[in-house]
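Novice: So the protein lines, in turn, are chains A and B. Residue 121 in this note's numbering sits at position 80 of the first sequence, with consecutive numbering throughout. Residue 101 in this note's numbering sits at position 84 of the second sequence, with consecutive numbering throughout.
Hints in this document: simulated from the structure, not taken from any laboratory. Among the hints, a few may not be true.
[Claimed, not checked] Taking lysine-lysine pairs in the BS3-like style, the calculated list, with each CA pair at most 25 Å apart, reads:
#1 A:Lys82 / B:Lys33
#2 A:Lys45 / B:Lys70
#3 A:Lys178 / A:Lys97
#4 B:Lys156 / A:Lys45
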Amino acid sequence: MLVKSNDLLLNVIRDDLGLMGTKYGCGTGECGACTVLVDEKPVLSCLTLAVTVDKKNITTIEGIGANGDLHPLQQAFVDTGAVQCGYCTPGMILSAKALLDRNPNPTEDEIKCAIKGNLCRCTGYVKIIESIQLAAKRMRGGK
Amino acid sequence: MNTRILLNEFEYFEPKTVSDAIALLAKNRGKAKLIAGGTDLLVEMKNGKIKPKCLVSIMKISNLNYIVTDKNKTRIGAGTTFQEIEESKLIRDRYPSFIEAVRSMGTAQVRCMATLSGNICNASPAAEAPVALLSLSAKVKISGIRGDRVVPLEEFFVGPGKTALLPDELLTEVQIPSPPKMAGCAFLKISRVVADVSKVNAAAMIERAGDKLKSCKIALGAVSPTPIRAKKAEEILKGKKFDEETIKAAARVASEEIKPITDIRSTAEYRKEVSRVLVEKVLRRAWERAGG
C-alpha cells in the first residue's frame, strides 16, 4: 500500500487497515497504548513513520491468537481480572508478549521493567503483573 | 496541539551511505533534519516546535549498526538502538555504568526505537547515556563535507539542545576507551516516576591503585545547561586514599560546580542537595566494583 511521508503507523493500522485494537492515547510516546510489535520488538506506532516499516513484520493485538483461540496472555488477563476499561490492554499484552518471547521465566522486576512504558489508569497494575506471571507459567507448561 | 497526526509535510530520504546523507544535508541546508528512531524529533514536530521540510533518515545507511571492540576501544555505530546496546554482553561486561544509564532511559518501546547517536545529538541536559559516557571518557566520530573528525564527548555539547555538529554533519560513531584493569564504574538516576526524565543523574569511574584513587571521573546530568564533568571534585580525589571524609568533601565540591535550575521536575535547591548525595553513592559503588 502507498503511504505519505508524514503518515503515522498508528493511523495506517486503524484508518487504512481497519484494525481498531491499537489505541491512540497520548500521541507523544508516553502512554504505550499504541504499542505494536515490529519484527517482534515493541514499538510506539504513534511515533513511527509508516514508511519505515516497509518489508517488516508487524503484529497487532488482533494477530496474537492462534486457530481462533486467545493467546495465553489474553486468556490470563481475562482469568485474573486484569482488564477494566480495556484501553491499555492491547499495548500491555503486546509488551508482555515481547518479554515472554525472549524471557519465558521473568522475575517480577523484569515484568515491571517490560511494562514500564504502558500506563494503566484503572487497575493499579497488580492484576496485570499477576496475569503476566500466570501466562508465563502456563506457557512454560505449568498449570 | 494535535498529536494524533503529523501535520507537517516533508520530503523523506533514506540514504544508503554516509556520503549520500551528507550530500542531502548540504543540498537541503537550513530545511533538513536528521532522523534516527524519531522518538524525540517526531514529538517536537507534533507539537510544532520544529517544522523541517526535509527528513534524512540514518536508519538505512549500511554498516552503521554495530558494536565492536578493537585494540583499546569499543566502537558503537550511529544506527545502533538502545535495546541492542542493552542486550550486548560486551557492553554489559565492560561498562556496567553505561548499561545502568541505558536501562534507566525511557521505556522498553522507546529503547527499541531510539539510537544512542540520536540521544546524544538531541543534547538534552538531562540525558542519561551521555553522563555515563562522559565519565568513561567517550569520544564521537563526526562525518561531513570537510571529512571526518573525532571529538571528545565533553566538547560535543555546547548548550541545551545544541551540539558541535555543523549543518552538513552527522555523528557516525561513539568510541569508548577500554576500561583500565583495576577500575569500577557506577551510574544513578533520580526521577519522579520510573519512566521519566531525570531530576538528577550522576556517574563515576574510578581507577584504583591499592587503597588509593589513581584517577576518577565524575559526571552529572540535569543540573547544568549540558551534561558535565565535575572536574574540581575529580582533582580533590586524584591520588588520595579512599575514605568517607574525602568522598564527602569531593561530593560537596561537585554539588557546587553545577548550575541547576528550578523546573517542573525539581527545584535548584533539591538538585544541589541530591547531586551531592548521588555523587557520594556512585563513588562508593564504583570503588566497590573496582575491588576496593
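Novice: All the hints need checking, so say for each whether the structure fits it.
Specialist: Cross-check of the supplied hints:
1. A:Lys82 / B:Lys33: Holds: Lys82 (chain A) and Lys33 (chain B) sit about 23 Å apart, inside 25 Å.
2. A:Lys45 / B:Lys70: Holds. Lys45 (chain A) to Lys70 (chain B) sits at ~14 Å (cutoff 25 Å).
3. A:Lys178 / A:Lys97: With Cα atoms ~30 Å apart, Lys178 (chain A) and Lys97 (chain A) exceed 25 Å; violated.
4. B:Lys156 / A:Lys45: Outside the cut-off at roughly 37 Å; violated.
Of the numbered hints stated above, those contradicted by the structure are hints 3 and 4, listed in ascending order.
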